Amino acid sequence: EDQVTQSPEALRLQEGESSSLNCSYTVSGLRGLFWYRQDPGKGPEFLFTLYSAGEEKEKERLKATLTKKESFLHITAPKPEDSATYLCAVQSDNYGQNFVFGPGTRLSVLP
Amino acid sequence: DGGITQSPKYLFRKEGQNVTLSCEQNLNHDAMYWYRQDPGQGLRLIYYSQIVNDFQKGDIAEGYSVSREKKESFPLTVTSAQKNPTAFYLCASSIAAEAFFGQGTRLTVV
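As they're listed, the protein sequences go chains D and S.
The opening residue of the first sequence carries number 1 in the working numbering; numbering runs sequentially from there.
The opening residue of the second sequence carries number 1001 in the working numbering; numbering runs sequentially from there.
Calculated directly from the structure, the hints in this document are not laboratory data.
Bear in mind the structure is a predicted one, so any value in this text is a computation, not a measurement.
There could be a bad hint or two in this list.
To be verified - No more than 20 Å apart at the CA atoms, straight line, and that leaves these computed lysine to any residue pairs for SDA-like: (1) Lys42(D) - Leu1011(S); (2) Lys1009(S) - Phe1088(S); (3) Lys1057(S) - Lys42(D); (4) Lys42(D) - Phe1100(S).
Stated by the list, open to error - Partial list, computed: chain D residues near chain S (C-beta under 10 Å): (5) Glu9; (6) Phe48; (7) Tyr51.
Idealized CB from N, CA, C, for every residue including glycine.
Can you build the whole structure from these sequences, using the hints too?
Below you can see the structure in the form of structure tokens.
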């Protein structure tokens, strides 16, 4: 059975304090790993797709990386508007077009 | 603008009542999904559909039903058999890889 875990559960940073969020996965045949941002009371907003180990994607202050067992979402010099819950999801050979989501990391960036 | 529209944003259900949540997309996506989100938990799959007139149960389908009569529409009915329906419900669609989400419906039992 595919599993996705995320750590830490919650993270509090000062503005400008860089850090990383972790997504660990156990799947049979990874087809893709996805990062989303979710604001309270809203639907998740797509950020990145990663397909193979070694791949990296960047968008503004965010950079996502992928290894064979985990993905990291690096946040460089965060701002208060980066505060949100960050979700990780995978697609695998087990579930075809379906997604298995992790529980998320709640990020708070204090001014 | 292309996107996924969920309605209503808030919904209140009385005990023993069935309610239907609407999900419409104009992205021309084949696959559509319904997820349930509870506080502190990840998204859990209720039902999914990869093509019109076909759908499959997800991990927590009991007490829910769906239909897919049109490519654009995938309504979810929360039946009285669902014992703990209070949650945030998210609809998504996908064409190959990443899924795109609506803004959600918050259902509360009163």
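Taking the hints in turn, this is what the structure says about them:
{"no.": "1", "hint": "Lys42(D) - Leu1011(S)", "in the structure": "15 Å, holds"}
{"no.": "2", "hint": "Lys1009(S) - Phe1088(S)", "in the structure": "10 Å, holds"}
{"no.": "3", "hint": "Lys1057(S) - Lys42(D)", "in the structure": "24 Å, violated"}
{"no.": "4", "hint": "Lys42(D) - Phe1100(S)", "in the structure": "12 Å, holds"}
{"no.": "5", "hint": "Glu9", "in the structure": "8 Å, holds"}
{"no.": "6", "hint": "Phe48", "in the structure": "9 Å, holds"}
{"no.": "7", "hint": "Tyr51", "in the structure": "8 Å, holds"}
When held up to the earlier numbered hints, the structure conflicts with hint 3 and nothing else.
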